[in-house]
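Novice: Line order of the protein sequences matches chains A, B, C and D.
Numbering follows our numbering, in which position 172 of the first sequence is assigned residue number 172; successive positions increment by one, without gaps.
Numbering follows our numbering, in which position 205 of the second sequence is assigned residue number 205; successive positions increment by one, without gaps.
Numbering follows our numbering, in which position 208 of the third sequence is assigned residue number 208; successive positions increment by one, without gaps.
Numbering follows our numbering, in which position 187 of the fourth sequence is assigned residue number 187; successive positions increment by one, without gaps.
Some hints here could point you the wrong way.
[Said to hold, decoys possible] With a Cα cut of at most 27 Å, we get these calculated BS3-like pairs of lysine-lysine:
1) Lys19(C) / Lys5(B)
2) Lys99(D) / Lys154(C)
3) Lys99(D) / Lys2(C)
4) Lys19(A) / Lys99(C)
5) Lys5(D) / Lys19(D)
6) Lys2(A) / Lys163(B)
7) Lys184(D) / Lys132(C)
8) Lys132(A) / Lys184(B)
9) Lys5(D) / Lys184(C)
10) Lys19(B) / Lys27(D)
11) Lys184(D) / Lys5(C)
12) Lys2(A) / Lys99(B)
13) Lys184(D) / Lys2(C)
14) Lys27(B) / Lys132(A)
15) Lys99(D) / Lys5(C)
16) Lys184(B) / Lys154(A)
17) Lys163(D) / Lys2(C)
18) Lys99(B) / Lys5(A)
19) Lys132(B) / Lys5(A)
20) Lys2(C) / Lys154(D)
21) Lys19(C) / Lys163(D)
22) Lys184(C) / Lys132(D)
23) Lys5(A) / Lys163(B)
24) Lys151(B) / Lys2(A)
25) Lys132(C) / Lys163(D)
26) Lys19(D) / Lys27(B)
27) Lys151(B) / Lys99(A)
[Stated by the list, open to error] Non-contacting residues of chain D with respect to chain A, defined by C-beta distances greater than 12 Å in every case (computed):
28) Asp9
29) Lys163
30) Met174
31) Ser180
None of these hints come from the bench; they were simulated from the model.
Every residue, glycine too, gets a C-beta built ideally from N, C-alpha and C.
4 protein chains.
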Amino acid sequence: MKYAKPLPDYLVRRYHGWKATTYQESKGWYRRLAEDGQHPRAMVISCCDSRVHVTSIFGADQGEFFIHRNIANLVPPHNPDGHHHGTSAALEYAVRGLKVSHIIVLGHSGCGGVEGCYQMCSGEAPELDDPKSFVGRWMDILRPGFEELPKGDKAERMRTLEKASVVISLSNLMGFPFVSDAVKDGNLSLHGLWHDIGEGALEAYDAETDGFVPF
Amino acid sequence: MKYAKPLPDYLVRRYHGWKATTYQESKGWYRRLAEDGQHPRAMVISCCDSRVHVTSIFGADQGEFFIHRNIANLVPPHNPDGHHHGTSAALEYAVRGLKVSHIIVLGHSGCGGVEGCYQMCSGEAPELDDPKSFVGRWMDILRPGFEELPKGDKAERMRTLEKASVVISLSNLMGFPFVSDAVKDGNLSLHGLWHDIGEGALEAYDAETDGFVPF
Amino acid sequence: MKYAKPLPDYLVRRYHGWKATTYQESKGWYRRLAEDGQHPRAMVISCCDSRVHVTSIFGADQGEFFIHRNIANLVPPHNPDGHHHGTSAALEYAVRGLKVSHIIVLGHSGCGGVEGCYQMCSGEAPELDDPKSFVGRWMDILRPGFEELPKGDKAERMRTLEKASVVISLSNLMGFPFVSDAVKDGNLSLHGLWHDIGEGALEAYDAETDGFVPF
Amino acid sequence: MKYAKPLPDYLVRRYHGWKATTYQESKGWYRRLAEDGQHPRAMVISCCDSRVHVTSIFGADQGEFFIHRNIANLVPPHNPDGHHHGTSAALEYAVRGLKVSHIIVLGHSGCGGVEGCYQMCSGEAPELDDPKSFVGRWMDILRPGFEELPKGDKAERMRTLEKASVVISLSNLMGFPFVSDAVKDGNLSLHGLWHDIGEGALEAYDAETDGFVPF
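Given the sequences, and given the hints that come with them, work out the whole structure.
Specialist: If you want it as structure tokens, here you go:
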């Protein structure tokens, strides 16, 4: 069934504005990007959350970051079973095709996906336990993080679980042979970050202390 | 295995710059975004390609678009089999959780994923036929588009296939019951776009003529 | 005659520090830069002055800017006479070889070369009039700027002359056929900036008003 | 003809970020640099190549290095013929005006200018033989290096020629009376370096053995 509606006017107007200004002023660069193809230095794996703009935080130019965004910035375990794996395909393309030098996993505060996982694991959201719940089955990736949560108040445990989404993704990344090989060869480095939306803070995962350190 | 490296210096400096300016000037807004949670009007499904910045093209503010990015902006068919489905989870969260009013599928020129599909289907890239190729298995979603390509020169066929990645995604979207129900109820509309990176052009899918029309 | 001395110790130590940290943390990126070659978006023409670090001001990553630095950020008039022309060679390489999309001419406050020109033109530095003075003959490029200076106090006239070094360079740039052709084709844009070292200010040349405007 | 375009947005934002952080944190130092003028210890002559950041390799502070950058870090022979000589002017200013104590010539791997010279001299790039080719006429400075290349494979010969660009520049430097006088008086020392971009290696020219030695 073919179905589509015209774009809302306000987006059409904004596009025309962009074309007449940002594009017009850098036309040569856009043409070169089109002709030369992309040569991004880094892949970023971040959340779909509308409040997270990695290009803004890092002052990124067009062409700098290869960006995959999914719920809760998760990397599933390596599982080459012949089915569709969007995240794994993006990873394979970035590392083997584009040969990026960095993979940055960017978590954030107030993550709805992480909250869903928390509720599901603590029995507050039985609908997410349904085998047909896509969100539930996706958030299963984060279950091991919930099981290791220390006791404490919910806000603190939620924050810890948000950071676990970064650490589990980093760990799953190393389960992809093409990732761990590139890391061992010194051609790729992995980075874990957690961003506090309200405070604008950024913390980096430190593997030695297994904790997060503010910049 | 826990592994992570410090972020490259130039990104740390750029982050500090962002914190002291963009964040500082709109601190109140960031705090409200954190407290109120996100209320995006639209979900965008675009490619991971580093040259596609949907927030730039549409002058997006923090909080406006819920953005999922994967290789070739593909939506796989509805398949609730209990496995991890990143794209389907993002969709479910956007439509059922956030109740977005629009889903915009944004394709683009020079898409490396689409080119891979083209090569795979025409026998030029046997490595993508390997059951263990994540990129190959992901691009299987676009196979029906290759089979319907008209004869012609490669550049034209490639462009047609890029646009097919949008149309097939729109069609697969309607296979998700929560999507088609929301469309039928008038609560959701779907939009297909194709962006020419070098020329800055934007074309919209028109369901009536089953073709793309420039803005 | 072959002559060279060992590098001072403090630089050897700093190099070893860089190698063990900055290089080590981004080894993969350095290797890729070496294999893929450079794809800079912009050429920057700035002064040799030790206080002007364009990579710092613009948070530049390795590979972003093709940088030519000479006394007073000057572009001489187009003069293909078969002799050595370092600036013209750098321009030709950037525009025809690398196909950069932007050329940024960056002037600055307290420019010693501009001051030399001022003194030479006002008769205070006869040694610069000597045909054998390399600095004098290089600063001849800026003479037309001196002749158009409004009356006023010396500090103000010096600042105006510093800005004239940017405007004259922009004008000379357009005298290179490969530059003006690329500008006309929309593949290249030119930008003039003046930087106040002490205040950290940056002003941009605006062609419409023929003046400089602070950011 | 007056022509200029506004600076791309991402650079404007990055500048504002720099101003609010790096500049703000060291405002006093920037003001002193502005008031006292520059007193650099060394002049560096390096290539325009976007991958060579001498300030990074040597952890340079603002005010430390007077930096001239041209294609292939070349110093032309001393030739006071009354024309514009950008490199010679920079040299004269550094040695006679600023009285620097060191001149460092920094060559590097994968130098496009050196490759152009190689192709021109071996008949592969006739367009560079054109008297109007600025790049060709500039690379003529390196011709004597090509003529002395030992037989061998191209990659090895290219690397030897890159190092010859450093040695020829050192030799031409000594042809400038104000340079050789300062060297003889013990007020100036010259240094030749070659940098491997991919490996992060640095080699120093040793006049006694007429070869390069890794650090």
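Novice: With reference to the structure, classify each hint as holding or not holding.
Specialist: Hint check:
| no. | hint | result |
| --- | --- | --- |
| 1 | Lys19(C) / Lys5(B) | holds (15 Å) |
| 2 | Lys99(D) / Lys154(C) | holds (26 Å) |
| 3 | Lys99(D) / Lys2(C) | holds (22 Å) |
| 4 | Lys19(A) / Lys99(C) | holds (22 Å) |
| 5 | Lys5(D) / Lys19(D) | holds (22 Å) |
| 6 | Lys2(A) / Lys163(B) | holds (14 Å) |
| 7 | Lys184(D) / Lys132(C) | holds (22 Å) |
| 8 | Lys132(A) / Lys184(B) | holds (22 Å) |
| 9 | Lys5(D) / Lys184(C) | holds (13 Å) |
| 10 | Lys19(B) / Lys27(D) | holds (18 Å) |
| 11 | Lys184(D) / Lys5(C) | holds (13 Å) |
| 12 | Lys2(A) / Lys99(B) | holds (22 Å) |
| 13 | Lys184(D) / Lys2(C) | holds (14 Å) |
| 14 | Lys27(B) / Lys132(A) | violated (40 Å) |
| 15 | Lys99(D) / Lys5(C) | holds (17 Å) |
| 16 | Lys184(B) / Lys154(A) | violated (39 Å) |
| 17 | Lys163(D) / Lys2(C) | holds (14 Å) |
| 18 | Lys99(B) / Lys5(A) | holds (17 Å) |
| 19 | Lys132(B) / Lys5(A) | violated (37 Å) |
| 20 | Lys2(C) / Lys154(D) | holds (26 Å) |
| 21 | Lys19(C) / Lys163(D) | holds (21 Å) |
| 22 | Lys184(C) / Lys132(D) | holds (22 Å) |
| 23 | Lys5(A) / Lys163(B) | holds (16 Å) |
| 24 | Lys151(B) / Lys2(A) | holds (23 Å) |
| 25 | Lys132(C) / Lys163(D) | violated (30 Å) |
| 26 | Lys19(D) / Lys27(B) | holds (18 Å) |
| 27 | Lys151(B) / Lys99(A) | violated (33 Å) |
| 28 | Asp9 | violated (7 Å) |
| 29 | Lys163 | holds (25 Å) |
| 30 | Met174 | holds (40 Å) |
| 31 | Ser180 | holds (44 Å) |
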